[in-house]
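A.B. asks: Each chain, letter by letter, is given below.
Number of protein chains: 2
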Amino acid sequence: MSREVILAARPQGVPVASDFELREVVDAEPAAGEAAVRNVFVSVDPYMRGRMTGVDTYVPGFGVGSSVDGGAVGRVVASRDPRLAEGDWVVSQLGWCEQGVVSADRLRKIDPSVAPPSTALGVLGMPGFTAWVGLEVIGQVKEGETIYVSGAAGAVGSAAAQIARLKGLRVIGSAGTAEKVEWLRSLGIEAFDYRETSPKEALADGIDAYFDNVGGEQLVAALTALRPHGRVIACGAISRYCDERAEPGPRNLFLMVTKRLRLQGFIVFDHNDRLRDFAAEVGPWVRDGRLAYRETILDGIENVPTAFAGLFRGDNIGKMLVRVGPDE
Amino acid sequence: MSREVILAARPQGVPVASDFELREVVDAEPAAGEAAVRNVFVSVDPYMRGRMTGVDTYVPGFGVGSSVDGGAVGRVVASRDPRLAEGDWVVSQLGWCEQGVVSADRLRKIDPSVAPPSTALGVLGMPGFTAWVGLEVIGQVKEGETIYVSGAAGAVGSAAAQIARLKGLRVIGSAGTAEKVEWLRSLGIEAFDYRETSPKEALADGIDAYFDNVGGEQLVAALTALRPHGRVIACGAISRYCDERAEPGPRNLFLMVTKRLRLQGFIVFDHNDRLRDFAAEVGPWVRDGRLAYRETILDGIENVPTAFAGLFRGDNIGKMLVRVGPDE
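Chains as they are written, first to last, in the numbering used here: chain A, 9 to 336; chain B, 9 to 336.
Don't read these hints as lab results, they were simulated from the structure.
Hints are not guaranteed to be accurate.
One copy or any two copies: either way a pair holds, since identical chains are not told apart in the list.
What the hints assert, rightly or not - Below 35 Å or equal to it, Euclidean Cα-Cα: the simulated DSBU-like pairs (lysine-lysine) are: (1) Lys-208 / Lys-117; (2) Lys-267 / Lys-117; (3) Lys-175 / Lys-208; (4) Lys-175 / Lys-117; (5) Lys-208 / Lys-150; (6) Lys-150 / Lys-267; (7) Lys-150 / Lys-117.
Using the sequences and the hints, build the whole thing.
C.D. replies: Following this line, the structure appears as C-alpha cells:
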C-alpha cells in the first residue's frame, strides 16, 4: 500500500487543506515494458493551479476525485523493461503519490553522480528549461541588454535571472522578502523587494526585456519601462492564478504599439527539441557552481497541499519540493 | 497668402471645432534645394490624435498654437532643385495647410499616370504599407489561415483585409455600418456589423491571426478566438484614442501564455526598407483592380477638423481625405 493526494474539491482562491485528500492505494505490479517507481521528491508547480479549475488548456484539467499528475523523481523498485534496473533514479509524471507504475517509455533515467536528483525537477528540469527557453527562444536576449525578472527568487525566476546574467545581461529582479532579495544580490542580481520598492522606481533606467512570472502590476510597470523594440517573455502570472474573477489587463497595453513591443507567451514542452541545447549550456554552469539553486523542501506526502498553497504566498525560495520517501 | 490649420487646444475626447484654428500665412519662396508645393489633398489619420495629447512617443507631440504636419499630396509651384519641376506631383509631410516650402530631399515625386495621386496617401501610401507590413513582417500570415481584421472598412483595414484575401487567407472583417459591411462583402470579405453581431459570435470558428485597428472589446474577443500559436498584429486602437483615461486592458490576456500567442506592435516607418517590396506586390493589384479602394473626401481646408473628428465616429469609408485645392 502507498498513499496519493487526490483533488477533493476545486479550490476557491488560494488552495486550502480541504481541497485535497490522502488516499491509500494498492501498489500495482509492472507489466512488460513498465517499471514500478517509488517517489523520493514530488514537485509542486504554479501551473498546476490552472489545472485545478477543471478547464482544459494546453493540459487537461484535473478531475475532482482524481489523482494529480505532475513532475516527480524517484527510484525504480521493480522493472520489466531492459532499459531500467532496480535502484535507478528516474524522472516521471507520476505526480503527487508515493509510488506508481509507469511505462518505461515515459521515464527518463538520471545520473545522480552528475547532479543531485532533485535538480531534475528544478534548475535542470522543467523550471530551468522554461527559464532558458524564455530567454533564448522567446526573448532572444542579447549581451549588454537589461532584463527585468519578476518572481526572481522562484524556481523559474532564479534560473532566468542567473542565466541572463551569465549571458552578459544586466539583470534586475524582484522578490517579496528580505531573505530572497539578499540571496539574489549575492548572485549578482540587482534585486528589490516589491513590497517596499515600486517596480516603477526600480525600473526607472529602462529595460530591454521583461521575463514575466507574475503578471498584474509588475507587467504594467514593465510595459512602461520597456525601451522601443522591447520584449515581454510571458511565462506566468502567479499573482493572478488564484483570482476567482479575471482581473483587467494592463491599462498601458497600447505602449505595445507606440514602442513596437512584442509580448509572446510560451509553453515549455513545445520546445522539447531544444532540451539537448539547454542541457549542454546550463548543465556545466550548475555543476561548476556558476549557476546557483535553492530548494525549499517539505517532508511527507501529507504536506503536499501545504507546499502547493505556499507557492502562492511566496513561501518558497527557489524550487518548492516535497520529499515523500527516503533517497536510498 | 494661404491658409493652414493650427492646434488651438488639446482635445478632450473626440476633437471638436474649437480645438483648431485657421491661420493665414505669407507664402515663403523656396531657397536653393527647396520647392514650394501647393497641396491638393491633405491626409487625416487616426495616429495624429495621439500627437495632440502633447506626449512625445515615436513622433513628437504637436504643440498648442503650432501647425499640424502630416501626409499631403500636391503639386510643385516653384522649384530650386533640379530634381523637381513646376507641375510635378509630390507627396510630402506638409500636413494641414494649403501651401508650403519643403526641402526637395523630403519630397517624393509620384506619377499620376500610374495611379491617382490621392492613392499615395491611402492604398499605395502609408495606410496601405501599414497593412502590408502588418501582414507580411509582423503577422507573417500564410495561405489557408483565417485572419480577423477590425476596422476593416478603414484605410488600413480595407487594405489589410484585401491583401490577406489576395494572399489566400480566409478573412473576417468588422465595420460599423450596413454600407461598409456591404462594400466589404462585395470584396470577398466575411464582414459583420459589430453594432449588431458580437465579435465573439462572428469569430466562433476560431482565427489564426488578428489585425487589430480597434483595441478594446475587439481585442478581448480576438484573444478568445485565437487558436494556439496565433498572432495579434497590434496596429492601432481607434476605439481608445479619444479616451480621457486609459481603460483597462483585456481580462483574458493570460491566454497569451496558455495559447502561446504573440502580440506585436509596430510602427510602419521602421520598415521603410520594405517599401519597394510593398510597391512591387501591391502596386499591380491596385492598377489591375484586384485590390479596391475607396476614399471619403471633404472639400476645403476649413473642413480638416471635421474630417479628422469623423475618423473617430467612423464617418469614413476607406481613406479620409480633404481636398484643399484644385488638381490642375
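A.B. asks: Next, verify each hint and record whether it holds.
C.D. replies: Here's how the hints hold up against the structure:
no. : hint              : verdict
1   : Lys-208 / Lys-117 : neither (45 Å within a copy, 47 Å between copies)
2   : Lys-267 / Lys-117 : between (46 Å within a copy, 30 Å between copies)
3   : Lys-175 / Lys-208 : within (25 Å within a copy, 43 Å between copies)
4   : Lys-175 / Lys-117 : within (29 Å within a copy, 48 Å between copies)
5   : Lys-208 / Lys-150 : within (23 Å within a copy, 39 Å between copies)
6   : Lys-150 / Lys-267 : both (19 Å within a copy, 26 Å between copies)
7   : Lys-150 / Lys-117 : within (33 Å within a copy, 41 Å between copies)
Hint 1 alone, counting from the list given before, is not met by this structure.
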